[in-house]
Amino acid sequence: MDRLDLHAYVDGEATRDERRQYEADLADDLQARAEVANIHALKALVARGVTSSEEPAAWRSCCRRLDELDRTKRIEGFVGRYSWALCAVFMFVILVGGVIKRGNPSVVRTGEAAGYVSSMVGGFSRAPQDAANRQAWMNEKLGVVQSLVQPDRLEVLDAAEKVDENGRRVACFRLADSRGLLALLVVTNANEVEGVRPMDDSLCAGSMGDANCVVWSQSNISFFLIGPRDHDELARIAQTIRKQ
Amino acid sequence: MLWGRRNTREAFERQAEKVFPSVFGTALRLTRSREEAEDLAQEAIVRAYEAFDRFDGTNFKAWILRIVTNLYINKYRQRQRGPQLNSLDEEGVVEPMAGEDEIPDRILFDNLVGAEVEEALGKVPEDFRIAVLLSDVEGLSYQEIADATGVPIGTVRSRLARGRAILRKHLMEYARREGYLKQGANE
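Protein chains in written order, with my numbering: chain A, 1 to 244; chain B, 1001 to 1187.
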């Protein structure tokens, strides 16, 4: 008898016809019968001798992994189902935040400030040379702001002023020191400037076109000191003209 | 949908916990390392859970042991440290059948215990050992073993016969060493 057939016979893998044939062959083959008995004995030994592996700790560890998998799938499911809604909510929050900020009349952006300066180009009036008229002229230009700043610590060349479409009063002074020209822009009804980064507790740094600027706000008025200098130098000059 | 997932989890856990001793035991006998067996068993359980919706509902144990075996063959076999017991030539010499006047194995095997069997199994080359484990330890059919190992049924039959013959040879050597069998008695 074929050896593999003996194994198939013992393992119950033979068809009914094959079993009948094998049993007929085994009846006449003592050696094959002995081999069948040995295969049975070996199978029984392996089944008996190989111990069952009860591993409660390993099973608990598997359950924890399945818990993590379930948790991940729940989150993925939630995000997947509501991702469009979540995106819409985030977009709405960003838009509303932007509108609120843009609509806030007391915020002035550096781009806006640059617009004020360029719009006043043709409207500058020269500062009077004599001291008495000069002081009156300065008081008129500064108005209430004169308690906060004294641009005449430097040489004041000329100044311009305007009222924008929102009723905000703006004045611009062109100044000079030993190193060159500067500009001081005064914007009323503005207690916050956008587009600048903090330098210290009171001053912020930004840029306007090719020039740097240092910005500070006080009593709902924002001041921009503008010039082709680095921020530290502008900050030092700002401290000289500020009335703290 | 949450309730559906919970039901799936419960159904899976009920079946998996019942067969986990077989899963872990097979993993242990394949990897011969407790640490790797834990990793292999855990990964097999996770893979089975992820594929549970594709289970056809027939033999859960055979299905999950197929996952264990495939994982072992594809991943863990490459990482095994130490000398690999490579499978011998599939068509190698087949040991002769027992003689009709030899001492039956069942009498010799009465003296053997689990540790000796496990040790002898460990010496059987891997492909043959997998066939013996899945058939004689886990009770899988030839077709189920063929599906689990990705080989034809004919190969399963010859690996099983070879594996058992080699296992028997190692057990006989042990029996001889321990004096259960006189030298030359079964040759």
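Honestly, the hints are just simulated from the structure, not real lab data.
Possibly wrong hints are sitting among the right ones.
The following label-pair restraints were derived from C-beta to C-beta distances [said to hold, decoys possible]: (1) Ser-61(A) with Arg-1006(B): 45 to 53 Å; (2) Asp-28(A) with Ala-1115(B): 38 to 46 Å; (3) Arg-60(A) with Asn-1007(B): 16 to 24 Å; (4) Asn-1007(B) with Glu-76(A): 16 to 24 Å; (5) Ala-24(A) with Gly-1179(B): 54 to 62 Å; (6) Tyr-82(A) with Asp-1056(B): 31 to 39 Å; (7) Tyr-82(A) with Pro-1021(B): 38 to 46 Å; (8) Asp-28(A) with Ile-1153(B): 26 to 34 Å.
Result set (EDC-like, lysine to aspartate or glutamate): computed pairs, CA atoms no more than 20 Å apart in a straight line [to be verified]: (9) Lys-73(A) with Glu-1173(B); (10) Lys-1061(B) with Asp-11(A); (11) Lys-43(A) with Asp-1127(B); (12) Lys-1018(B) with Glu-54(A); (13) Lys-43(A) with Glu-1118(B); (14) Lys-1061(B) with Glu-13(A); (15) Lys-43(A) with Glu-1173(B).
C-beta atoms are modelled at their ideal positions from N, C-alpha and C, and glycine is treated no differently.
Between Lys-43(A) and Glu-1173(B), does the CA-CA distance stay at or below 20 Å? Holds, at roughly 18 Å.
In this structure, is the beta-carbon distance linking Ala-24(A) and Gly-1179(B) contained in 54 to 62 Å? Distance hint for Ala-24(A), Gly-1179(B) is violated at roughly 40 Å.
Run the distance test for Lys-1018(B) versus Glu-54(A): straight-line Cα separation, threshold 20 Å. Status holds; Cα separation ~10 Å.
Pairwise hint evaluation, Asp-1127(B) against Lys-43(A), where the allowed Cα distance is 20 Å at most: At roughly 18 Å apart (the allowed maximum being 20 Å), Asp-1127(B) and Lys-43(A) satisfy the hint.
Regarding Tyr-82(A) and Pro-1021(B), is the given constraint of 38 to 46 Å on their beta-carbon distance met? 42 Å, holds
Distance restraint hint 16 to 24 Å, applied to the beta-carbon atoms of Arg-60(A) and Asn-1007(B): At roughly 22 Å between Cβ atoms, Asn-1007(B) and Arg-60(A) fall inside 16 to 24 Å, so the hint holds.
Between Asp-28(A) and Ile-1153(B), does the beta-carbon spacing fit 26 to 34 Å? 28 Å, holds
Has the given pair, Lys-43(A) with Glu-1118(B), been kept, meaning a C-alpha gap of at most 20 Å? This hinted pair holds, its Cα atoms lying about 13 Å apart.
Check the hint pairing Lys-73(A) with Glu-1173(B) against an upper bound of 20 Å on the C-alpha distance. 54 Å, violated
Is the gap between the beta carbons of Ser-61(A) and Arg-1006(B) within 45 to 53 Å? Violated: the Cβ-Cβ distance is about 21 Å, outside 45 to 53 Å.
Take the C-beta atom of Asn-1007(B) and the C-beta atom of Glu-76(A), compute their distance, and say whether it sits inside 16 to 24 Å. 19 Å, holds
Please verify whether Lys-1061(B) and Glu-13(A) have alpha carbons no more than 20 Å apart. 19 Å, holds
Comparing the model with each numbered hint stated earlier shows that hints 1, 5, 9 do not hold.
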